[in-house]
Amino acid sequence: DAGVTQSPTHLIKTRGQQVTLRCSPKSGHDTVSWYQQALGQGPQFIFQYYEEEERQRGNFPDRFSGHQFPNYSSELNVNALLLGDSALYLCASSSTDSPANTGELFFGEGSRLTVL
Amino acid sequence: GQSLEQPSEVTAVEGAIVQINCTYQTSGFYGLSWYQQHDGGAPTFLSYNALDGLEETGRFSSFLSRSDSYGYLLLQELQMKDSASYFCAVRSLNTGGFKTIFGAGTRLFVKA
Numbered sequence: 001d002a003g004v005t006q007s008p009t010h011l012i013k014t015r016g017q018q019v020t021l022r023c024s025p026k027s028g029h030d031t032v033s034w035y036q037q038a039l040g041q042g043p044q045f046i047f048q049y050y051e052e053e054e055r056q057r058g059n060f061p062d063r064f065s066g067h068q069f070p071n072y073s074s075e076l077n078v079n080a081l082l083l084g085d086s087a088l089y090l091c092a093s094s095s096t097d098s099p100a101n102t103g104e105l106f107f108g109e110g111s112r113l114t115v116l
Numbered sequence: 001g002q003s004l005e006q007p008s009e010v011t012a013v014e015g016a017i018v019q020i021n022c023t024y025q026t027s028g029f030y031g032l033s034w035y036q037q038h039d040g041g042a043p044t045f046l047s048y049n050a051l052d053g054l055e056e057t058g059r060f061s062s063f064l065s066r067s068d069s070y071g072y073l074l075l076q077e078l079q080m081k082d083s084a085s086y087f088c089a090v091r092s093l094n095t096g097g098f099k100t101i102f103g104a105g106t107r108l109f110v111k112a
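Chains A and B, in that order, are what the protein sequence lines are.
Each residue of the first sequence is one higher than the last, beginning at 1 in our numbering.
Each residue of the second sequence is one higher than the last, beginning at 1 in our numbering.
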């Protein structure tokens, strides 16, 4: 059973460019959340997708956008990259929200973005 | 808004017991989780508390007091491999559904 997979693992961009990061959730999971993790910090919530719609959003500008496909995979897009966007971008999948479950998040290994 | 506070660093010796505290402020609180992250790795789920009290999973235990907006992670019989960052995370429920927000993390150093 494949866990959460993300691509690419590493990438380097320059200021002003655009980037697309991809995530395949764990088998059986239908909810995908994206987090940004700066070095030495905790994961910061960007947004969450369920049924191909953005259901929740953190305090990130509109330059950050996403998409979820019918097979539950997801993309994170960042436009007009800034130096401060350099971070590890983590994708986490979970099963449909249910009061009975723990909401356990399964994380991918992340995509490390460097903006020069 | 939502906020979580936890110590930035803790150091302990092998075989000892360590407690990592977490206080939180949030609306729609549903539960408190703990995650472990080794350098260069992905965060992995350790435990979850929705109700007051202690949950035990092997060497790790987690406690929650909803009235105090407080929880802790207890690690017993520390091993070198426990050196990692530990994050408390609040699960909240609002009109959009469930969301999980993480604290800044506590870096645990285990010494021989």
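No lab work stands behind these hints, which were simulated from the structure alone.
Some hints here could point you the wrong way.
Unchecked claim - Okay, the calculated bits of chain A under chain B, using three or more residues with CB under 8 Å as the criterion:
(1) 42-56
(2) 70-79
To be verified - Listed next, with one range per pair, are the computed distances between beta-carbon atoms:
(3) A/T96 <-> B/L74: 30 to 38 Å
(4) A/D62 <-> B/M80: 25 to 33 Å
(5) B/V13 <-> A/D62: 47 to 55 Å
Where a beta carbon is used, it is the ideal one built from N, C-alpha and C, also for glycine.
Hint-by-hint comparison with the structure:
1. 42-56: It holds: at least three residues are needed, and the region 42-56 of chain A offers 8 whose Cβ sits within less than 8 Å of chain B.
2. 70-79: violated (count 0)
3. A/T96 <-> B/L74: 30 to 38 Å: Because 31 Å falls inside the window, the suggested range holds.
4. A/D62 <-> B/M80: 25 to 33 Å: Since A/D62 and B/M80 have Cβ atoms about 45 Å apart, the given range 25 to 33 Å is violated.
5. B/V13 <-> A/D62: 47 to 55 Å: Distance hint for B/V13, A/D62 holds at roughly 49 Å.
Figure legend: structure checked against the earlier numbered hints; hints not met, in rising order: 2, 4.
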